[in-house]
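Engineer: All chains should be built: construct the whole structure from the sequences, respecting the hints.
As you go down the protein sequences, you meet chains P and E in turn.
Position one of the first sequence corresponds to residue 14 (our numbering), numbered consecutively onward.
Position one of the second sequence corresponds to residue 213 (our numbering), numbered consecutively onward.
Simulated from the structure, these hints should not be mistaken for laboratory data.
Glycine residues also receive a C-beta, built at the ideal position from the N, C-alpha and C atoms.
Certain hints may be false.
The calculated DMTMM-like cross-link candidates involving lysine to aspartate or glutamate, where the alpha carbons are at most 25 Å apart (straight line), are [stated by the list, open to error]:
id, chain 1, residue 1, chain 2, residue 2
1, P, 17, E, 282
2, E, 219, P, 325
3, P, 58, P, 75
4, P, 383, E, 557
5, E, 606, P, 23
6, P, 284, E, 596
7, E, 458, P, 298
8, P, 229, P, 210
9, E, 219, P, 322
10, P, 284, E, 595
11, E, 606, P, 359
12, E, 611, P, 210
13, P, 17, E, 222
14, E, 606, P, 270
15, P, 252, E, 214
16, P, 284, E, 557
17, P, 17, E, 512
18, E, 526, P, 270
19, P, 17, E, 214
20, E, 604, P, 278
21, P, 17, E, 529
22, E, 606, P, 322
23, E, 526, P, 298
24, E, 526, P, 20
25, E, 604, P, 20
26, E, 606, P, 278
27, E, 604, P, 270
Not close to chain P: a few residues of chain E, all C-beta gaps over 10 Å, as computed [stated by the list, open to error]:
id, residue
28, 266
29, 278
30, 354
31, 414
32, 565
33, 583
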Amino acid sequence: MNFKYSEQQDMLRTMAREFLVGECPKSRTRELEKDARGYDPGTWKRMAELGWQGLLLPTEYDGSGAEFMDLVVLMEEMGRNILPGPFFATVALAALPIMDFASREQQASYLPGIAGGQTIWTLAVDEDPADCDYSRIRTSALQQDGAYLLKGEKTLAPYAGVADYMLTAARIRRGRIPDKGLTLFIVDMKKPGVEVETILTITGETLYQVSFKNVKLHNGDILGTAGEGEDLLARILDKAALLKCAEVCGACQALLEMSVAYAGERRQFGKPIGTFQVIQHRLVDMMIQVEGLQHLVYQAGWMMGAGMDCSEQIAMAKVKANEVYQHAALDCIRVHGAIGFSLDHDAGLYYRRVLASRFFPYDSGHYLEKVAAGIGL
Amino acid sequence: MDFSLGKQEEALRSEAREFAEREIPQSFIANFLDEESHDEDWAFSLSISRKLAERGWLAMGWPQQYGGRDASHLEQMVFAMEAAYRGIPGLSMGVSGTGWVGPSLMMYGNEDQRRKYLPLIASGSPDGVWCTGYSEPNSGSDFASIRTSAVRQGDEYIVNGQKVWTSCAHRARWCWLAVKTTLNGGKPQDGISLLIVDMRSRGITVNPLLNYSGEHIFNEVFFDNVHVPAVNLVGEENRGWYQLMKSLAYERHSFCGQSYGSAKRILDGLAGFASQTRRNGKPIAADSAVRHRLAALAIELETLKMFAYEIACKLDEGAMPVYEASRNKSVADHLLEELALAGTEILGACSQVERHSRLSRLNGLIQRQYLMSPGTAIAAGTDEIEKNIIGKFKLGLPKSY
Numbered sequence: 014m015n016f017k018y019s020e021q022q023d024m025l026r027t028m029a030r031e032f033l034v035g036e037c038p039k040s041r042t043r044e045l046e047k048d049a050r051g052y053d054p055g056t057w058k059r060m061a062e063l064g065w066q067g068l069l070l071p072t073e074y075d076g077s078g079a080e081f082m083d084l085v086v087l088m089e090e091m092g093r094n095i096l097p098g099p100f101f102a103t104v105a106l107a108a109l110p111i112m113d114f115a116s117r118e119q120q121a122s123y124l125p126g127i128a129g130g131q132t133i134w135t136l137a138v139d140e141d142p143a144d145c146d147y148s149r150i151r152t153s154a155l156q157q158d159g160a161y162l163l164k165g166e167k168t169l170a171p172y173a174g175v176a177d178y179m180l181t182a183a184r185i186r187r188g189r190i191p192d193k194g195l196t197l198f199i200v201d202m203k204k205p206g207v208e209v210e211t212i213l214t215i216t217g218e219t220l221y222q223v224s225f226k227n228v229k230l231h232n233g234d235i236l237g238t239a240g241e242g243e244d245l246l247a248r249i250l251d252k253a254a255l256l257k258c259a260e261v262c263g264a265c266q267a268l269l270e271m272s273v274a275y276a277g278e279r280r281q282f283g284k285p286i287g288t289f290q291v292i293q294h295r296l297v298d299m300m301i302q303v304e305g306l307q308h309l310v311y312q313a314g315w316m317m318g319a320g321m322d323c324s325e326q327i328a329m330a331k332v333k334a335n336e337v338y339q340h341a342a343l344d345c346i347r348v349h350g351a352i353g354f355s356l357d358h359d360a361g362l363y364y365r366r367v368l369a370s371r372f373f374p375y376d377s378g379h380y381l382e383k384v385a386a387g388i389g390l
Numbered sequence: 213m214d215f216s217l218g219k220q221e222e223a224l225r226s227e228a229r230e231f232a233e234r235e236i237p238q239s240f241i242a243n244f245l246d247e248e249s250h251d252e253d254w255a256f257s258l259s260i261s262r263k264l265a266e267r268g269w270l271a272m273g274w275p276q277q278y279g280g281r282d283a284s285h286l287e288q289m290v291f292a293m294e295a296a297y298r299g300i301p302g303l304s305m306g307v308s309g310t311g312w313v314g315p316s317l318m319m320y321g322n323e324d325q326r327r328k329y330l331p332l333i334a335s336g337s338p339d340g341v342w343c344t345g346y347s348e349p350n351s352g353s354d355f356a357s358i359r360t361s362a363v364r365q366g367d368e369y370i371v372n373g374q375k376v377w378t379s380c381a382h383r384a385r386w387c388w389l390a391v392k393t394t395l396n397g398g399k400p401q402d403g404i405s406l407l408i409v410d411m412r413s414r415g416i417t418v419n420p421l422l423n424y425s426g427e428h429i430f431n432e433v434f435f436d437n438v439h440v441p442a443v444n445l446v447g448e449e450n451r452g453w454y455q456l457m458k459s460l461a462y463e464r465h466s467f468c469g470q471s472y473g474s475a476k477r478i479l480d481g482l483a484g485f486a487s488q489t490r491r492n493g494k495p496i497a498a499d500s501a502v503r504h505r506l507a508a509l510a511i512e513l514e515t516l517k518m519f520a521y522e523i524a525c526k527l528d529e530g531a532m533p534v535y536e537a538s539r540n541k542s543v544a545d546h547l548l549e550e551l552a553l554a555g556t557e558i559l560g561a562c563s564q565v566e567r568h569s570r571l572s573r574l575n576g577l578i579q580r581q582y583l584m585s586p587g588t589a590i591a592a593g594t595d596e597i598e599k600n601i602i603g604k605f606k607l608g609l610p611k612s613y
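Structural biologist: Shown next, in the form of structure tokens:
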């Protein structure tokens, strides 16, 4: 047993922290919240030069072939700093599924573009009412004249407005829902019939409504095996959920550090407010929660990297991430007082983003059910 | 990073399980937290201590020359977890013998003391049972304010004063005693020393203090001109406070594996009970409030497991984890309390009956935890004190008291 970062992870962490602080100070984050694209193409390019988009991808497709924990460490840093942009959407929601489930031809045609930073990807599976019940997906892709005609509406898709490609899920058979006909497709966003519409949010991250109006797809656009989309999606979302937890974990560390620093500086009643046990114990509770989250994330990440079944550990990490992020953000604002509630303070950037991660890809109830099943309930 | 257990730890875990299946009657399982209360339980517990000693499990982390077998902290942690999960009693030699007296003697005792006391503890002998004299009537969390004094006279210290909440004093052969050796001048922390006191010495009176369920776990102990040989001073005179801070980290840490095992046993018990018991026409486990409550506790249990392994790994690397020990105790105490409360909800009205009653469920496990939790959460430092320690040592915040 060993709780330490590898040398590679230590280097990556240090480098990522420096890069992100320089590349994306909070003033830039605030600007990007108002930017229609929601990301900085220059930063995106420089990240590709550092090999980030292709960190886990095989070297034959211009990736770095790193181990899964390395990406966990990188996501943590991105979460800590807040990096607006399609990294998670491209890497966690598309590149890894392609690496794990796509044909060699698909990998050869798509992965180098991702690793090189030329293409942006996303995943669109949610449908109104966005209740994360993917067994009830209604979007269809029925076969007609040797092609699949994709028809339906997807919602809450991140970065669909700037994406070159997306993965989506549709049914290839008519009939009862749920059934076994769910299939994942790769969709080129330039195809006729793909329309996107902005959904404004309170989180600082724009989401998109995506309509498919008889978009023509072919066998070569299917990811994995036709009809096995539900199983595939579960595995894709499991891994993505874990990476989301890593991002949240980094954000929580930032909130904790911000709060501790302020409690040491801010004086009231002639003393630093960190002298007061009400404040001090709140910070200690926060720290214990954040460390606990980090351990759960690392455990799941290590298991994922070692090829072990870690669905239950991911479920635990995600419930914890949801709770810890929410409370850490609230407590951070509380420790700061009114300044924490102001536009110019960073606490609010995190607090608003809590909701962007909390329901991705499922709510806590879903994961609690998984944990309950794991203990024999 | 690598969070797998080695073959050695896995093997130890199965051996502990087999040992428990062979040696521990089902009826004893719920009873180990207050083993010193009843003569029969105490005798049984000590008999298990001896069996554990024969296998080299009682003080497995100590060097062979003192009766141990140089086991790693990770092995010790895995064993403590499994032992508590299986209800194996007799591991602590009077709360403190294996937990912190031994480790403290190895850290700052002298060679004569190590040779004399460590093998007694490691062999499971009744002469290896220890109590710990820290708290006094007016010195609880403010430990530096203790007033029990030890005045040097020739080759002896003359000890006078009173200790309270002294667990196991009525069973112990020795007391690990904190005293004031300098009464005037300097910081109160600078006048404290540690003594080993023979509980058979003249001038010691042990009075039982029963807890709220009538169990005899702790005592008040009076010292009236007790003569203690000066060679029983542990470490340096007047440096006791600083030595103690390390001992206390061990003390808090030593509970962690045991708390994890107990918590896991309760969680498993409750999950089994909820699945097998019907209420209002359906299994209790079908109630999503129950499912989610237990699932949330399972997540905290998993977190505690990682915290426990982390501290074991740090100790194996030679670090002295101070804030981590406080963190783990705080998390473990909170989890056990929450499990006890969830348990009373799930068992319902049956959670109030005495454990031998016909209506008692899960062998009285929930009642036991419900009664023990408030006490264990105070022993070795209240939650508030633990958080002060973490605030200072981990977060670097100013002293708050």
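Engineer: For each hint, tell me whether it holds in the structure or not.
Structural biologist: Hints, verified against the model:
The suggested pairing of residue 17 of chain P with residue 282 of chain E holds, with an alpha-carbon distance near 23 Å, which does not exceed 25 Å. Note on residue 219 of chain E and residue 325 of chain P: the hinted pairing holds, with a Cα-Cα distance of about 23 Å set against a maximum of 25 Å. Proximity of residue 58 of chain P to residue 75 of chain P is assessed by CA-CA distance (about 15 Å); at most 25 Å being required, the pair is judged to hold. Of the pairs offered as hints, the one joining residue 383 of chain P and residue 557 of chain E holds, with about 22 Å between alpha carbons and a cut-off of 25 Å not exceeded.
About 21 Å separates the Cα atoms of residue 606 of chain E and residue 23 of chain P, which keeps this hinted pair within 25 Å; it holds. Our distance criterion of 25 Å between C-alpha atoms is met by residue 284 of chain P and residue 596 of chain E, whose separation comes to about 20 Å. Taking the CA atoms of residue 458 of chain E and residue 298 of chain P, the gap is near 23 Å; set against the 25 Å cutoff, the hint holds. Restraint check for residue 229 of chain P and residue 210 of chain P: the C-alpha separation of about 20 Å stays at or below 25 Å, so the hint holds.
Only pairs whose Cα atoms come within 25 Å are accepted, and residue 219 of chain E paired with residue 322 of chain P is accepted, the gap being roughly 20 Å. Proposed proximity of residue 284 of chain P and residue 595 of chain E is supported: the alpha carbons are some 24 Å apart, at most 25 Å. For the proposed pair residue 606 of chain E and residue 359 of chain P, the alpha carbon gap of about 23 Å is at most 25 Å, so the pair holds. The hinted pair formed by residue 611 of chain E and residue 210 of chain P fails the criterion: a straight-line CA distance of about 55 Å is larger than 25 Å.
Of the supplied pair hints, the one linking residue 17 of chain P and residue 222 of chain E holds, its CA atoms being roughly 22 Å apart against a limit of 25 Å. The suggested pairing of residue 606 of chain E with residue 270 of chain P holds, with an alpha-carbon distance near 12 Å, which does not exceed 25 Å. Restraint check for residue 252 of chain P and residue 214 of chain E: satisfied, since their Cα atoms lie roughly 19 Å apart, inside the 25 Å limit. About 44 Å separates the Cα atoms of residue 284 of chain P and residue 557 of chain E, which puts this hinted pair outside 25 Å; it is violated.
For the given pair, residue 17 of chain P sits about 22 Å from residue 512 of chain E by alpha-carbon distance, which is consistent with the 25 Å threshold. Proximity of residue 526 of chain E to residue 270 of chain P is assessed by CA-CA distance (about 23 Å); at most 25 Å being required, the pair is judged to hold. Proximity of residue 17 of chain P to residue 214 of chain E is assessed by CA-CA distance (about 8 Å); at most 25 Å being required, the pair is judged to hold. At most 25 Å may separate the alpha-carbon atoms for a hinted pair to count; residue 604 of chain E and residue 278 of chain P meet this at roughly 15 Å.
Under the criterion of a C-alpha separation no larger than 25 Å, the hint pairing residue 17 of chain P with residue 529 of chain E is consistent with the structure, at around 11 Å. Proposed proximity of residue 606 of chain E and residue 322 of chain P is contradicted: the alpha carbons are some 34 Å apart, above 25 Å. This hinted pair checks out: residue 526 of chain E and residue 298 of chain P have alpha carbons roughly 22 Å apart, not beyond 25 Å. Pair hint residue 526 of chain E plus residue 20 of chain P holds up; C-alpha atoms about 18 Å apart against a cutoff of 25 Å.
Proximity of residue 604 of chain E to residue 20 of chain P is assessed by CA-CA distance (about 30 Å); at most 25 Å being required, the pair is judged violated. Annotation: proposed proximity of residue 606 of chain E to residue 278 of chain P holds, straight-line Cα distance about 17 Å (limit 25 Å). About 15 Å separates the Cα atoms of residue 604 of chain E and residue 270 of chain P, which keeps this hinted pair within 25 Å; it holds. Against chain P, the non-interface label of residue 266 of chain E holds: every CB pair exceeds 10 Å, the least being about 28 Å.
Residue-level check passed: residue 278 of chain E sits 26 Å from the nearest beta carbon of chain P, beyond 10 Å. With a minimum CB-CB distance of about 14 Å to chain P, residue 354 of chain E clears the 10 Å threshold, and the non-interface call stands. Distance to chain P confirms residue 414 of chain E as a non-interface residue, since its nearest Cβ pair spans about 44 Å, more than 10 Å. In this structure residue 565 of chain E is separated from chain P by more than 10 Å, as the shortest Cβ-Cβ distance comes to about 25 Å.
Here residue 583 of chain E stays apart from chain P, with its beta-carbon at least about 25 Å from theirs, past the 10 Å limit.
The earlier numbered hints that this structure contradicts are 12, 16, 22 and 25.
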